[in-house]
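Given only the sequences and the hints, what does the whole structure look like? Please build it.
Number of protein chains: 2
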Amino acid sequence: MKKIALLGATGSVGASTLDVLANHPEKFTLSTFSFYNNIQKAREIIQDFSPQLVACGFLEQAMQLKREFPKITFTSGMEGLIQAAVFEEVDIVLTAITGSIGLKPTLKAIEARKDIALANKETLVMAGKWIMEKVHEYGVKLLPVDSEHSAIFQCLQGQDAKALKNLIITASGGSFRDKTRAELVNVTVDETLNHPNWSMGKKITIDSSTMVNKGLEVIEAHFLFNVPYENIQVILHRQSIVHSMVEFKDGAYIAQLGASDMREPILYALTYPKREVMIAPKAFDLAQINTLQFEQMDFNRFPLIALAYEVGKKGGSFPTVYNAANEIVANAFIARKISYLAIEEYVIKAVNEHQEMQELNLEKIIEIDLATRRKVTKWIKEMEEKL
Amino acid sequence: MKKIALLGATGSVGASTLDVLANHPEKFTLSTFSFYNNIQKAREIIQDFSPQLVACGFLEQAMQLKREFPKITFTSGMEGLIQAAVFEEVDIVLTAITGSIGLKPTLKAIEARKDIALANKETLVMAGKWIMEKVHEYGVKLLPVDSEHSAIFQCLQGQDAKALKNLIITASGGSFRDKTRAELVNVTVDETLNHPNWSMGKKITIDSSTMVNKGLEVIEAHFLFNVPYENIQVILHRQSIVHSMVEFKDGAYIAQLGASDMREPILYALTYPKREVMIAPKAFDLAQINTLQFEQMDFNRFPLIALAYEVGKKGGSFPTVYNAANEIVANAFIARKISYLAIEEYVIKAVNEHQEMQELNLEKIIEIDLATRRKVTKWIKEMEEKL
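As given, the protein sequences belong to chains L and R, one line each in that order.
With this note's numbering applied, the first sequence corresponds to residues 108 to 494, in that order.
With this note's numbering applied, the second sequence corresponds to residues 108 to 494, in that order.
Think of the hints as simulated: they come from the structure by calculation, not from any bench.
Here the structure is a predicted model, which means the values were calculated and not measured.
You may find that some hints are simply not true.
Just so you know, same-sequence chains aren't split out, so a pair can sit in one copy or run between any two.
[Claimed, not checked] No more than 25 angstroms apart at the CA atoms, straight line, and that leaves these computed lysine-lysine pairs for DSS-like:
#1 Lys356 - Lys110
#2 Lys389 - Lys444
#3 Lys471 - Lys421
#4 Lys444 - Lys211
#5 Lys110 - Lys485
As structure tokens, this is what we get:
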């Protein structure tokens with residue numbers, strides 16, 4: 108029986124994870140979970156899975172739920188999140204929180220020698236160097252949950268790592284893949300949230316349309332697989348059937364494919380190196396799908412993927428700034444405070460203005476992350492005041 | 108330095124193998140090779156690779172070459188082929204002979220504890236059960252060279268074998284994939300030899316158009332990977348880019364893809380589990396290829412693939428009969444003795460008339476193979492005499 112901590116249980120990846128756990132009660136126990144805001148969903152999860160510890164976003168929620176479920180321990184805030192991440196009986200922590208808030212609990216979980224199923228790509232983007240050092244120091248497994256990274260991880264199993272040539276990450280192209288830049292001027296939040304292939308959270312769907320999501324994935328892949336940026340390629344693949352692939356020096360490509368179903372990489376991360384039967388799988392018939400297309404990524408059409416390579420190659424805290432700025436502006440766009448193209452504008456501005464600190468360490472990275480957020484938030488406020 | 112015996116050096120797979128060896132002189136030595144008929148090519152190979160032993164098809168060739176290359180040992184006939192297969196210093200025997208003549212030398216090589224790089228699929232089709240028993244008994248590696256089986260073998264590396272669901276073999280569809288059965292009545296040998304994707308030997312190109320080649324591959328896969336026929340699927344894939352794939356119970360598919368270049372699976376078989384750099388690789392750019400298509404196999408259009416499953420499931424000597432009959436009729440078609448559709452007719456007739464022997468063993472299998480050849484040859488002669 109594998110004991111799971113699920114951080115971010117009420118989001119999209121959280122829901123898929125709970126479905127996986129519910130389908131394999133003989134394999135998995137949900138020992139603890141966290142949620143931010145959705146107390147009603149949290150209540151249902153408690154009833155369905157009877158966890159021992161629940162980390163709430165806010166103290167009031169913890170107090171409310173304690174009255175309803177007196178036998179369960181409730182905590183709240185960042186401290187509560189960390190308590191869930193290091194909960195003693197837990198074997199593996201699935202980090203499904205969106206954004207840089209995932210960094211600290213992930214770090215603490217590694218230090219508590221928990222294996223990590225990583226769905227929070229911001230953790231590696233912000234602080235990949237330090238996280239990977241910790242992973243090696245504490246000898247834990249860091250298992251990717253992102254479908255692209257899970258695909259690459261699956262493709263690399265049993266292969267000659269020395270003969271690896273390129274990682275090839277597929278990109279659906281997002282909601283606006285067929286729009287020119289001129290057509291992007293007046294797009295709305297609702298249009299942006301209409302992803303062609305995947306049903307995901309709001310922020311990641313926005314990031315998918317700006318290609319920031321793919322940029323974050325490139326940086327994540329760099330750290331996760333220890334591959335130089337020159338050997339990480341992005342290819343447009345509208346159908347999202349091939350989840351990613353690897354190329355070897357002998358000319359062979361190994362690809363992982365399947366339905367657009369997050370339960371698959373989640374199940375794999377939780378059972379690795381074994382595979383379990385997927386209960387009620389999404390229908391998948393390649394002959395019926397019939398056509399898979401592949402196209403070159405257009406780095407002029409999507410400047411933020413070009414910028415991701417740039418910040419990645421610069422290294423240090425540049426990816427941190429890229430990610431922090433994007434998190435603020437993507438959420439500002441969702442809150443209808445800025446236009447779609449302003450997302451790009453502010454991210455580029457934040458990166459351009461950034462000056463690298465000397466003798467970087469994890470504390471300074473967290474400082475830079477916060478400073479970037481404050482700065483970009485201020486820009487947006489100033490712009491709103493002008494209007 | 109890996110020491111290679113190459114059986115069938117002057118054919119198509121032989122030529123690809125020699126190219127691989129020539130490109131990696133620091134890795135491979137050609138210790139010995141065999142050829143059947145093409146003495147001029149044999150001469151060139153001797154000059155390029157300086158082998159110690161050469162097995163000729165006929166005694167006269169051996170005597171002729173001995174005069175030209177007095178320091179090299181020459182042998183001939185089946186005995187010579189076996190001498191090459193068991194040549195003492197050899198590490199791995201690549202069997203690139205076409206047809207059932209490959210069986211005996213392969214068996215002898217296994218008994219001499221040589222690893223086998225198997226490009227001769229007829230060996231497993233004829234006598235898969237007995238070959239696999241020998242492989243396990245003598246503890247040798249049996250490495251597939253067929254691009255489809257190499258692909259499956261590559262996809263299975265590092266994966267949870269217990270979670271395997273299906274093998275999915277891709278089929279280009281051959282020269283006549285877009286012709287109806289009615290349109291097949293008057294097709295010529297030259298039309299049949301015009302394969303859309305692969306440049307191969309004549310017999311295999313004919314077999315590809317009748318889907319017998321895919322049928323043989325299904326039977327080969329059954330023995331090689333120990334998978335029931337119910338879990339071996341064939342899918343039409345015109346571009347021959349995805350060389351084959353495997354499906355797991357968790358919904359994941361792993362596929363191997365790349366250029367249509369036989370040097371790739373050959374190099375992999377010779378370096379497994381490592382991979383070496385492919386020198387002068389064929390150009391391969393998925394974004395330029397752009398479209399991969401997958402379609403259901405039409406078992407009515409291609410009755411000989413349906414028959415392959417049937418003989419495979421019946422087991423015993425039925426695949427032997429299927430293969431032997433096809434070998435005779437495919438060559439009769441190449442020799443312009445029978446019409447294209449007569450290939451199907453005679454193979455079906457041979458299988459239908461076959462009655463299984465009791466207490467089958469390898470000797471009986473070889474007898475049945477020969478008896479089938481005699482019988483089908485007689486049918487063709489009788490038909491010719493009637494005309």
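Taking the hints in turn, this is what the structure says about them:
no.	hint	in the structure
1	Lys356 - Lys110	between (40 angstroms within a copy, 22 angstroms between copies)
2	Lys389 - Lys444	neither (37 angstroms within a copy, 51 angstroms between copies)
3	Lys471 - Lys421	within (17 angstroms within a copy, 70 angstroms between copies)
4	Lys444 - Lys211	neither (29 angstroms within a copy, 77 angstroms between copies)
5	Lys110 - Lys485	neither (43 angstroms within a copy, 70 angstroms between copies)
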